[in-house]
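Can you make the complete structure from the sequences, with help from the hints?
In order, the protein sequences belong to chains X and G. First residue of the first sequence? That's 1 in the numbering used here, and the numbers climb one at a time after it. First residue of the second sequence? That's 380 in the numbering used here, and the numbers climb one at a time after it.
Simulated from the structure, these hints should not be mistaken for lab results. Everything hinted at is true.
DSS-like, lysine-lysine: derived pairs with alpha carbons at most 30 Å apart:
{"hint": "1", "chain 1": "G", "residue 1": "561", "chain 2": "G", "residue 2": "687"}
{"hint": "2", "chain 1": "G", "residue 1": "687", "chain 2": "G", "residue 2": "711"}
{"hint": "3", "chain 1": "G", "residue 1": "561", "chain 2": "G", "residue 2": "711"}
{"hint": "4", "chain 1": "X", "residue 1": "270", "chain 2": "X", "residue 2": "117"}
{"hint": "5", "chain 1": "G", "residue 1": "496", "chain 2": "G", "residue 2": "649"}
{"hint": "6", "chain 1": "G", "residue 1": "619", "chain 2": "X", "residue 2": "182"}
{"hint": "7", "chain 1": "G", "residue 1": "711", "chain 2": "X", "residue 2": "240"}
{"hint": "8", "chain 1": "X", "residue 1": "332", "chain 2": "G", "residue 2": "619"}
{"hint": "9", "chain 1": "X", "residue 1": "308", "chain 2": "X", "residue 2": "182"}
{"hint": "10", "chain 1": "X", "residue 1": "240", "chain 2": "G", "residue 2": "561"}
{"hint": "11", "chain 1": "X", "residue 1": "71", "chain 2": "X", "residue 2": "240"}
{"hint": "12", "chain 1": "X", "residue 1": "71", "chain 2": "X", "residue 2": "270"}
For each label pair, taking beta carbons as the anchor points, the in silico distance ranges come out as:
{"hint": "13", "chain 1": "X", "residue 1": "249", "chain 2": "G", "residue 2": "398", "range": "20 to 30 Å"}
{"hint": "14", "chain 1": "X", "residue 1": "368", "chain 2": "G", "residue 2": "743", "range": "49 to 59 Å"}
{"hint": "15", "chain 1": "X", "residue 1": "69", "chain 2": "G", "residue 2": "653", "range": "47 to 57 Å"}
{"hint": "16", "chain 1": "G", "residue 1": "447", "chain 2": "X", "residue 2": "302", "range": "55 to 65 Å"}
{"hint": "17", "chain 1": "G", "residue 1": "708", "chain 2": "X", "residue 2": "246", "range": "23 to 33 Å"}
{"hint": "18", "chain 1": "G", "residue 1": "397", "chain 2": "X", "residue 2": "249", "range": "23 to 33 Å"}
Here are a few chain X residues that sit away from chain G, every Cβ distance over 12 Å (derived from the structure):
{"hint": "19", "residue": "9"}
{"hint": "20", "residue": "31"}
{"hint": "21", "residue": "112"}
{"hint": "22", "residue": "113"}
Glycine included, each C-beta is placed from N, C-alpha and C at the ideal position.
There are 2 protein chains.
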Amino acid sequence: MSQPRSVGAVVAQSAHFDEPLATRSGGVLQAYDLAYETYGTLNAEHSNAVLVCHALNAAHHVAGYYADDPKNIGWWDNMVGPGKPLDTDKFFVLGVNNIGGCFGSTGPASINPKTGKPYGSSFPVVTVEDWVNAQARLADRLGIERFAAVMGGSLGAMQALQWTISHPARIRNAIAIATAPKLSAQNIAFNEVARQAITTDPDFHGGNYYGHGVVPRRGLRLARMIGHITYLSDDAMMEKFGRALRSGAPQFHFDVDFEVESYLRYQGDKFAEYFDANTYLLITRALDYFDPAQDYEGDLSRAFERAKARFLVISFTSDWRFASSRSREVVKALLDNRLDVSYAEIDAPHGHDAFLLEDARYHALVRAWYDNLHRELAP
Amino acid sequence: MSQPRSVGAVVAQSAHFDEPLATRSGGVLQAYDLAYETYGTLNAEHSNAVLVCHALNAAHHVAGYYADDPKNIGWWDNMVGPGKPLDTDKFFVLGVNNIGGCFGSTGPASINPKTGKPYGSSFPVVTVEDWVNAQARLADRLGIERFAAVMGGSLGAMQALQWTISHPARIRNAIAIATAPKLSAQNIAFNEVARQAITTDPDFHGGNYYGHGVVPRRGLRLARMIGHITYLSDDAMMEKFGRALRSGAPQFHFDVDFEVESYLRYQGDKFAEYFDANTYLLITRALDYFDPAQDYEGDLSRAFERAKARFLVISFTSDWRFASSRSREVVKALLDNRLDVSYAEIDAPHGHDAFLLEDARYHALVRAWYDNLHRELAP
Numbered sequence: 001m002s003q004p005r006s007v008g009a010v011v012a013q014s015a016h017f018d019e020p021l022a023t024r025s026g027g028v029l030q031a032y033d034l035a036y037e038t039y040g041t042l043n044a045e046h047s048n049a050v051l052v053c054h055a056l057n058a059a060h061h062v063a064g065y066y067a068d069d070p071k072n073i074g075w076w077d078n079m080v081g082p083g084k085p086l087d088t089d090k091f092f093v094l095g096v097n098n099i100g101g102c103f104g105s106t107g108p109a110s111i112n113p114k115t116g117k118p119y120g121s122s123f124p125v126v127t128v129e130d131w132v133n134a135q136a137r138l139a140d141r142l143g144i145e146r147f148a149a150v151m152g153g154s155l156g157a158m159q160a161l162q163w164t165i166s167h168p169a170r171i172r173n174a175i176a177i178a179t180a181p182k183l184s185a186q187n188i189a190f191n192e193v194a195r196q197a198i199t200t201d202p203d204f205h206g207g208n209y210y211g212h213g214v215v216p217r218r219g220l221r222l223a224r225m226i227g228h229i230t231y232l233s234d235d236a237m238m239e240k241f242g243r244a245l246r247s248g249a250p251q252f253h254f255d256v257d258f259e260v261e262s263y264l265r266y267q268g269d270k271f272a273e274y275f276d277a278n279t280y281l282l283i284t285r286a287l288d289y290f291d292p293a294q295d296y297e298g299d300l301s302r303a304f305e306r307a308k309a310r311f312l313v314i315s316f317t318s319d320w321r322f323a324s325s326r327s328r329e330v331v332k333a334l335l336d337n338r339l340d341v342s343y344a345e346i347d348a349p350h351g352h353d354a355f356l357l358e359d360a361r362y363h364a365l366v367r368a369w370y371d372n373l374h375r376e377l378a379p
Numbered sequence: 380m381s382q383p384r385s386v387g388a389v390v391a392q393s394a395h396f397d398e399p400l401a402t403r404s405g406g407v408l409q410a411y412d413l414a415y416e417t418y419g420t421l422n423a424e425h426s427n428a429v430l431v432c433h434a435l436n437a438a439h440h441v442a443g444y445y446a447d448d449p450k451n452i453g454w455w456d457n458m459v460g461p462g463k464p465l466d467t468d469k470f471f472v473l474g475v476n477n478i479g480g481c482f483g484s485t486g487p488a489s490i491n492p493k494t495g496k497p498y499g500s501s502f503p504v505v506t507v508e509d510w511v512n513a514q515a516r517l518a519d520r521l522g523i524e525r526f527a528a529v530m531g532g533s534l535g536a537m538q539a540l541q542w543t544i545s546h547p548a549r550i551r552n553a554i555a556i557a558t559a560p561k562l563s564a565q566n567i568a569f570n571e572v573a574r575q576a577i578t579t580d581p582d583f584h585g586g587n588y589y590g591h592g593v594v595p596r597r598g599l600r601l602a603r604m605i606g607h608i609t610y611l612s613d614d615a616m617m618e619k620f621g622r623a624l625r626s627g628a629p630q631f632h633f634d635v636d637f638e639v640e641s642y643l644r645y646q647g648d649k650f651a652e653y654f655d656a657n658t659y660l661l662i663t664r665a666l667d668y669f670d671p672a673q674d675y676e677g678d679l680s681r682a683f684e685r686a687k688a689r690f691l692v693i694s695f696t697s698d699w700r701f702a703s704s705r706s707r708e709v710v711k712a713l714l715d716n717r718l719d720v721s722y723a724e725i726d727a728p729h730g731h732d733a734f735l736l737e738d739a740r741y742h743a744l745v746r747a748w749y750d751n752l753h754r755e756l757a758p
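What follows is the structure in structure tokens.
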């Protein structure tokens, strides 16, 4: 095993699609662009392609860095690269910014060719199904008939699951990490508060803030703060910040006094600098609406009837956003269909964020899985 | 046992204090009013008084209703009344709106006699210790040398605990329900997001919105929504709302689609109508700063060295805001001091809100406790 390395400097690419994309919400995108990156080499059989799907705050920049921005490192760089668990010496890895995003793919901030103005609030509500369909078209374009694997964490994992339902013949393996078969009422509630923070910000202007030279920064930073609380476990927060006071003693004011306040404000401010508010609304709504069992009278097992993939499902014990019990619902439904499924519940203290961190057992498991897959693919 | 009844129509009273109250934060209130209510009759020995302390969204109106507003029922009416667990046929019950509040006691919306304008942001930061000291002065005024019990849930319970430390000779029993010896980083984080929602609302005007004819309504409703999520367990929310859609099928928009969204917006809107934003800031800050162990190098056991009271500590299994493990920290510290403590961990599905609900086992326990206490007090 070679020492893990970075994929190095990477270049984002863009694919333009002229075929209209009908969304589940009843909208139509007449044409659209998808921003994507690839790492590694597609083999002669085109059998070694792995699609990595992103969650809320990420995009197609999965690994490596940009030559002109070396600090901008891919969001799953610890997972993807030469000698890493998803080894780019063996696999051809594809990252795509989803429709509705704000990092290069067509989204609410893009110009609507019909009006010459940004889509803003007129951008159609998009769903996980829509994303998967758009990803499939990109796969067509790249000559990938069938993915060796589709992989993601959180909302990214929901896309991996949806692939096995929407395009069962085009996915050999699904790796679904830290996910749920649908949001709970509490999950939706957190999303709703974040959205309310954005839409009631006076700078939101009904979603058409682009023309006003402002962004709903206050709302975005609150949304991000709420998100951060749910990404970390109570214990992880206690470990990271405790009740530490910035100046050692209570100052009795409403400015930053506890370290955790400083952290949240910093994260919120940073996020509000670069993330598009309409994209935040769209992505949280896609989370809310994801529910593959809905078309089957709530029966998740029936939802997976057409699935053929082999599954690896991973959850983390301290994840209270998508608790292990939610992953077990998925596993149960897969087993009901006699599908090949491995499930690992990893004892990790970091909460939902664990899927992004370099936990040794977690990474060893993913590595072993891909090693086996690579052996199978050998001609 | 007589059939439980309401205490009936009640009248709020007010006590004016001219002695300055120095706050732990270094501020001074030169004079102040405390709004309070009483139920039942103080016995000849003045030994049957029970102080009920309120948490975030409540005040001195603990039980009964107002003759001119019969729907305005006290917040703990299921607990306090003739034949109820805290039986007003046996006990003299006192409810007080704390300093900094917005329901009759002196708070940020009150006129500062020095300036002739509302205190607004100049109101001193108040702590649980300050509240307890103000309550003690009211007890003096009412001729109560020693409370038979001080009781509360959540932040109210913190006041009961503080009484045993600040005024050990003046409290026979402390009943602390659904509480913690100090907030966790996650608890503080939720408070901070709520405060940021308020203080970044353009209508906040640095806390001096009274003069602008506006209130930071957007911030208040977000704060309340966040609060509500933490008051309920995930299971209770799922039980109450599930993923129910208001119109049966997804509408693919950002207006209310799921029932839980409707609930949160309604609760937020209602709260923003009557609650003072500066009071919200003050009360959440009092929660953050509560930490009796702080003066004892973090040793909670030492904090209770002077305590003499008998304790009843109650927690609820599904309370994730103040989990049972937090109550056990209190119990441990009390036992270290060889104090008389009973602890009940009640298996209830409702989350933190359980302390306000009429759970049969919970109420039976409190009833038994007060029955015993009443027997002891008999001359």
